[in-house]
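So the chains spell out like this:
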Amino acid sequence: MGASQSARTEHEFQDLADRTGFSLEQIGNLNKRFRQLSKNEETLSRQDLASISALDNNPLRAQIINAFFDKRNLRQNEAGTVQVIGFEEFLMVMSHFRPAAMHITEEEREKLRREKLRFVFNMHDTDSDGTITLEEYRRAVEELLSKAGTIGQETAKAIADAAMLEVASTTRGKMEPDEFYEGITFENFLQILKTFDIETRMHVRFLNMDTATMRCGK
Amino acid sequence: MACRTCLWLLGTTFFTCTVRLVVEGTEVGATQGSQPEPGVVGSNHSQAGGGHGSSISGIQIVTFKWHHVEAPYLIALWILVAGVSKMVVELNHSLTSVIPESALLILIGWILGGIIYGADKMQTFTLTPTVFFFYLLPQVILDAGYFMPNKLFFSNMGAILVYAVIGTCWNAATVGLGLWGCWLGGAMGDIDIGLLQFLLFGSLIAAVDPVAVIAVFEEVHVNEVLFIMVFGESLLNDGVTVVLFNVFDAFVSLGGAEIDAVEIIKGIISFFVVAFGGSLVGIIFALLISLLTRCTKNIQIIEPGFIFILGYLSYLTAEMLSLSAILSIVFCGICCQKYINANMDERSVTTVRYVMKVFANGSETIIFVFLGISAIDPAVWVWNTGFILLTLLFIFVFRFIGVFLLTWILNKYRLVPLEFIDQVVMSYGGLRGAVAYGLVAMLDENKFKEKNLMVSTTLIVVYFTVMLQGITMKPLVTWLKVKRAAVTELTLAEKIQNRTFDHMLVAIEDISGQIGHNYMRDKWHNFEERWLCWFLMKPSARKSRDYIFNIFHQLNLKDAMSYVKEGERRGSLAFVRNETKADVDFNKKFRASFSEIMPDIMADNMGPDHVPLSSILQDIVPSVCLVMHEQDLTMRESEDFNAHHLLQQHLYRGRKQHRHRYSRSHLETNRDENEVQEIFQRTMRSRLESFKSAKMGVAPAKKIQTKHQKKDKPQKMPNGNSSDKSKNHPYGDKDLEFSEGDCGSGDEAAGDLFPMRAYRVEAGIVNPAFMAEMDPMDNMQQIPHVALLPQTLNSFDT
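Protein chains in written order, with full-length UniProt numbering: chain E, 1 to 218; chain R, 1 to 798.
If you're looking for bench data, these hints aren't it; they were derived computationally from the structure. Note that CB positions come from ideal geometry on N, CA and C, so glycine has one too. Among these hints, one or two may not hold up.
Said to hold, decoys possible - Below, in silico cross-link-like pairs of lysine-lysine (DSS-like), each with a Cα-Cα straight-line distance of 30 Å or less:
(1) R:412 to E:111
(2) R:412 to E:32
(3) E:111 to R:483
(4) R:558 to E:194
(5) R:523 to E:39
(6) E:157 to E:194
(7) R:523 to E:157
(8) R:474 to E:194
(9) R:483 to E:194
(10) E:194 to R:481
(11) E:157 to R:151
(12) R:449 to R:266
(13) R:523 to E:32
(14) R:151 to E:194
(15) E:157 to R:538
(16) E:157 to R:558
(17) E:194 to R:412
As the list claims (entries may be wrong) - Label pairs and their calculated CB-CB ranges:
(18) E:32 to R:181: 50 to 60 Å
(19) E:104 to R:472: 32 to 42 Å
(20) R:412 to E:43: 34 to 44 Å
(21) R:302 to E:152: 29 to 39 Å
(22) R:302 to E:51: 49 to 59 Å
(23) R:478 to E:109: 19 to 29 Å
Said to hold, decoys possible - Footprint (simulated), chain R over chain E, 3 or more residues, beta carbon under 8 Å:
(24) 52-66
(25) 162-170
(26) 187-198
With the sequences and hints as input, model every part of the structure.
Listed below in structure tokens is the structure:
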């Protein structure tokens, strides 16, 4: 890379750092990783992400990969997915997992929480209608438990149903006979996870050192 | 009633003392000589030998053979006294909520000690190091290890180790050097002591005591991270304490001149050997236990015994090799819990849990009572204002400084920094206890001229921390608004979310190429699943060990339990009392053709060992009873029923699956009798199968061919159960009508649940149990000091 190019990327990085909140070194590392995954191209496609061998054992593989291409996570207010993403979008998705800064106000913390939980919600809500219906939840639970021993599909379904029951009872309470329980809305989702310490649960430590070379292969 | 137990308590102690005096008085000749009792209560009294050898005039019809039974009798009597003391203490609940039980037990110990001293003019019963370290401490620590929340423990392992090792060394050094400095300055007057002895004293008084921490923190439910920090530290610091104690003891024996760099280096190396060696011994024994439980299918009745024996052996083995015995037994408990819980029969698991708790609680009680008694011994009363007060001051102040310093360093590396208030509680919770006393009692009087002073000081320190800090802990925690432990158990949905988060974080780490905490945990998890579980777990256990499945299994069992309980309460369970009766019932309602099928169902579902179903239920009832009671506390009972009903009504009517037949306003009776029967037998079968599968953890097989060639699915117990409870919903009669129209099979999703209600009314088996309003279940009185459920479910966490 020529000097001019590195100067340009420096400027870009600074811009990205301001927008996503990563530090310059972290962006540098993530950029290297991006290049590695996309085989030095400008954009990343699903196949690139799917080729990471370490993800093979992960039951949430498909969902995570989809999350990267989901427009809702890319701060675009429409539904649907994109085919390829650039480095900026890559960073935007990653920024959901950044830790909170040390001294932020209560409402900023709340906002951060909502953002992070929105990400998880979007992951489950595959048809982008704003609610997690029973079908979607079932599918999510089945996938989640698919790699865990010999839990059959039906048991997974039963578990999903029981979990849904709990959610319905806690969030809706008593319902009129004619009402539907449509699914879990985002507000319900927040309510369920009220006791969770999102700071620890959705936090990946982005190192300032370059660990990509420390791990052989991917 | 209180008076009676008090009198009984006093009575037993009087009895103990007087019996011995009386026996001496009536001795018939024989030699005087001391008869050391084998490690029992440390009696210094000289005993008369058995006087049965001399002349007997005639045949004695009844003889008083005290010496024959003396040793075991006294042991049993003291255990009884300790138990009764605990009973006395627990009489007044408002008192125990203010003053921790341990403090009250020490008080009772003082009273008893006073009585004994008054009777014997010397303290015949004290807490000897042998008894304490060999017979009283191991079970407390094994209990701690077995119920340790592993995931929490290992996530915070780094911080715990820092506090345990560096913190304890800091405490020991500062207290020792501080006292030495003050002695040099003349604050303590003229005592025969040296630097090394001060350091030794510092090292034994520095360690936070696990018994005291459990006793005090049990009543103050602080948040789990805080608790695990203090508790983990108290367990792991034994490695340091043992090393420091032995090293300084050796140094004192060698004398100051022999100490050079080599010795100090040897000391440091011995720390690593002792700590890691001890842990290794524990892990080896954990492997042994797991392997053993894998093969104990045929001797399930004594399965639980192995846990205790091998646990105790791990303690003794480490002690034999001069490694850290506490570390050994802790790691034994920690590492084996998952595998033995999976391998052993449910009843054995319950047995182990309860027996463990009995032993641990009993030991704790005895320890505290004897700590009280041992103080009433003027022989050890040496007062040195400077020494004692300075010790108290130093351990308090230096603990605070140490914790704050270390936390400041740790917070730079932690994901979630420890708050200031948590640090305060952590420093304040550094309680000293019986371990310090045991160590100080082990000192050699010849080498340590001031042993009695040290013993007194240790006792005073223990009383100060346990009583004063114990009493003020709760108000402090409330005043500082420390984050408390979550009272309710996580719901199924939350557990699923937890799992989702875990996997998500691992995936993100993989994608972003970072090596993180989650990556490590995931790698370990994979390794464990592939190799360890294959090696250590029974094949049948391997299948059903996923923790979400276990939660689900518990929920199912719980629902089944409530269903049975409710039925029993109302006095009728139409089909599950015994096969013959059920047969008859069905015959009454159905045509004879149906009864052909029923015996098949019953026969098929005879249960694992061809035990009739009713007795399976009875079997299930006691074994899950204990677990369920705790769940009763945490699950929201009435909301459950509400929720089940909700699901029935609303959830499965997904828009695409809406069927006209299930309209609320339009009632329709099902004309197809065959369908009704098929539904009934399908739901019956699946209900019974889910009982069976709940017991055996096997996916139910599909045996009965239905006319409609439907894919039979196992009935989900919560939903099935709910249909019964739903009768009690405010809808009342309206519901009944609704269910009339609600029969017939239909779409799989919709059809599964409705038939349950359908059969109930349609088939005419009107179970009066479920018609009337149901009162909410009474909450069980929470069993004090036994917090099993959180541990139970947590132990399923990887």
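Hint check results:
{"no.": "1", "hint": "R:412 to E:111", "verdict": "holds, 25 Å"}
{"no.": "2", "hint": "R:412 to E:32", "verdict": "holds, 27 Å"}
{"no.": "3", "hint": "E:111 to R:483", "verdict": "holds, 22 Å"}
{"no.": "4", "hint": "R:558 to E:194", "verdict": "holds, 26 Å"}
{"no.": "5", "hint": "R:523 to E:39", "verdict": "holds, 26 Å"}
{"no.": "6", "hint": "E:157 to E:194", "verdict": "holds, 25 Å"}
{"no.": "7", "hint": "R:523 to E:157", "verdict": "holds, 28 Å"}
{"no.": "8", "hint": "R:474 to E:194", "verdict": "holds, 26 Å"}
{"no.": "9", "hint": "R:483 to E:194", "verdict": "holds, 15 Å"}
{"no.": "10", "hint": "E:194 to R:481", "verdict": "holds, 19 Å"}
{"no.": "11", "hint": "E:157 to R:151", "verdict": "holds, 27 Å"}
{"no.": "12", "hint": "R:449 to R:266", "verdict": "holds, 27 Å"}
{"no.": "13", "hint": "R:523 to E:32", "verdict": "holds, 24 Å"}
{"no.": "14", "hint": "R:151 to E:194", "verdict": "holds, 21 Å"}
{"no.": "15", "hint": "E:157 to R:538", "verdict": "holds, 26 Å"}
{"no.": "16", "hint": "E:157 to R:558", "verdict": "holds, 19 Å"}
{"no.": "17", "hint": "E:194 to R:412", "verdict": "holds, 27 Å"}
{"no.": "18", "hint": "E:32 to R:181: 50 to 60 Å", "verdict": "holds, 56 Å"}
{"no.": "19", "hint": "E:104 to R:472: 32 to 42 Å", "verdict": "holds, 34 Å"}
{"no.": "20", "hint": "R:412 to E:43: 34 to 44 Å", "verdict": "holds, 38 Å"}
{"no.": "21", "hint": "R:302 to E:152: 29 to 39 Å", "verdict": "holds, 34 Å"}
{"no.": "22", "hint": "R:302 to E:51: 49 to 59 Å", "verdict": "holds, 54 Å"}
{"no.": "23", "hint": "R:478 to E:109: 19 to 29 Å", "verdict": "holds, 25 Å"}
{"no.": "24", "hint": "52-66", "verdict": "holds (count 9)"}
{"no.": "25", "hint": "162-170", "verdict": "holds (count 9)"}
{"no.": "26", "hint": "187-198", "verdict": "holds (count 5)"}
In summary, the structure agrees with every hint in the numbered list given earlier.
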